[in-house]
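**Q** Residue 232 is where the sequence shown starts when you use the working numbering, and the numbers rise one by one after that.
Heads up, some of the hints might be wrong.
List time: in silico DSBU-like cross-link candidates among lysine-lysine, alpha-carbon distance up to 30 Å [stated by the list, open to error]: (1) LYS395 <-> LYS282; (2) LYS483 <-> LYS302; (3) LYS302 <-> LYS324; (4) LYS351 <-> LYS483; (5) LYS282 <-> LYS483; (6) LYS282 <-> LYS302; (7) LYS395 <-> LYS408; (8) LYS351 <-> LYS395.
Here are the computed distance ranges between Cβ atoms for each label pair [said to hold, decoys possible]: (9) SER350 <-> GLY443: 22 to 28 Å; (10) PRO334 <-> GLY433: 26 to 32 Å; (11) LYS302 <-> GLU405: 36 to 42 Å.
Bear in mind the hints are in silico, worked out from the structure with no lab data behind them.
Here a beta-carbon is modelled for each residue, glycine too, at the ideal position from N, C-alpha and C.
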Amino acid sequence: MLLALDLGNTNLTIGVFRDDVLVCEARIATDRTRTSDQYAVELLSILRLNKIAENNIDGAIISSVVPGLDKVLCEALERVTGVTPLLVGPGVKSGINIRIDNPAQLGADLLVGAVAATSKYGCPCIIWDLGTATTVSVVDGDGAFRGGAIMPGVGTSLDSLVTKASLLPRIRVEAPKQVIGTNTIDSMKSGTVFGTAAMVDGMSSRIETELGVTATVVVTGGLGREIAANCQHETVYDSRLLLDGLRLIYVKNRP
232 MLLALDLGNT NLTIGVFRDD VLVCEARIAT DRTRTSDQYA VELLSILRLN
282 KIAENNIDGA IISSVVPGLD KVLCEALERV TGVTPLLVGP GVKSGINIRI
332 DNPAQLGADL LVGAVAATSK YGCPCIIWDL GTATTVSVVD GDGAFRGGAI
382 MPGVGTSLDS LVTKASLLPR IRVEAPKQVI GTNTIDSMKS GTVFGTAAMV
432 DGMSSRIETE LGVTATVVVT GGLGREIAAN CQHETVYDSR LLLDGLRLIY
482 VKNRP
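All chains, please: the whole structure from these sequences, using the hints.
**A** Structure below.
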């Protein structure tokens with residue numbers, strides 16, 4: 232069985248695969264103060280909660296955007312399973328031709344998402360990951376990673392707005408009944424959901440114009456489902472995109 236870990240700024244996503252079937256998925260909060268022992272306890276608890284014996288794990292892979300926790304997480308995983316994980320980074324086989332100014336700067340999460348999206352939906356594609364940051368990855372018709380865009384995440388922007396504006400309350404990220412809000416909460420929901428959806432639509436159209444072709448738009452990330460549902464551009468929502476990408480990369484690199 233394969234244990235796949237996607238370490239983001241907000242959450243650590245954990246997936247266990249039996250061959251190509253995802254048999255377990257869980258999330259815990261990313262905490263930069265935790266030790267390897269603490270993460271080991273969390274991992275072991277999740278495996279046992281899902282009735283997965285740790286000695287059945289014979290492969291592991293990690294993608295991370297929190298470099299300070301890479302060693303901590305590798306040690307935790309080795310302690311629980313006895314397996315040395317593959318850490319996604321330079322030198323790892325992905326099958327993606329990275330055509331940006333400095334390929335070594337490409338975030339592991341962006342590479343993993345591109346691998347999964349091209350495998351599952353074909354090329355060209357535009358991948359939106361709506362997490363702590365909102366990232367856009369562009370893969371052209373030849374399967375080459377061409378670059379993308381980075382902007383504040385939906386939750387990050389909303390937290391900043393509520394913190395800086397004294398009269399604005401915290402809200403749930405969900406679409407209101409109409410775009411024109413008639414009260415403060417609905418106005419905030421409209422701006423957050425419809426505004427982000429309009430950004431996805433507009434940026435995707437601009438990217439397609441630059442590529443000169445129509446591309447498949449794939450949305451993932453914690454808040455992706457609500458945003459994708461309100462896009463006018465045809466989109467595919469895939470909650471497990473990065474876990475699938477990790478599995479595919481592991482298969483390409485295992486002995």
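**Q** Now look at each hint and say whether the structure bears it out.
**A** Each hint, compared with the structure:
Our distance criterion of 30 Å between C-alpha atoms is broken by LYS395 and LYS282, whose separation comes to about 45 Å. A distance of roughly 23 Å separates the Cα atoms of LYS483 and LYS302; the hinted pair therefore holds under the 30 Å criterion. Simply put, LYS302 and LYS324 have alpha-carbon atoms about 21 Å apart, close enough for the 30 Å limit, and the pair holds. Between the alpha carbons of LYS351 and LYS483 the distance comes to roughly 16 Å, so the proposed pair stays at or under 30 Å and holds.
Straight-line distance between C-alpha atoms of LYS282 and LYS483 comes to about 28 Å, which keeps the hinted pair within the 30 Å bound. Distance check on the hinted pair: LYS282 and LYS302 sit about 27 Å apart at the alpha-carbon level, within 30 Å; holds. At roughly 26 Å between alpha-carbon atoms, LYS395 and LYS408 fall within 30 Å of each other, so this suggested pair holds. The straight-line distance between the Cα atoms of LYS351 and LYS395 is roughly 41 Å, outside the 30 Å bound, and the hint therefore fails.
Distance hint check for SER350 and GLY443: the Cβ-Cβ separation is about 23 Å, which falls inside the suggested range of 22 to 28 Å. Separation of PRO334 from GLY433 is about 28 Å and conforms to the stated range, judged on CB atoms against 26 to 32 Å. Range check, LYS302 to GLU405: about 39 Å between beta-carbon atoms, so the 36 to 42 Å window is met.
In this structure, the earlier hints numbered 1 and 8 are contradicted, and the remaining ones agree with it.
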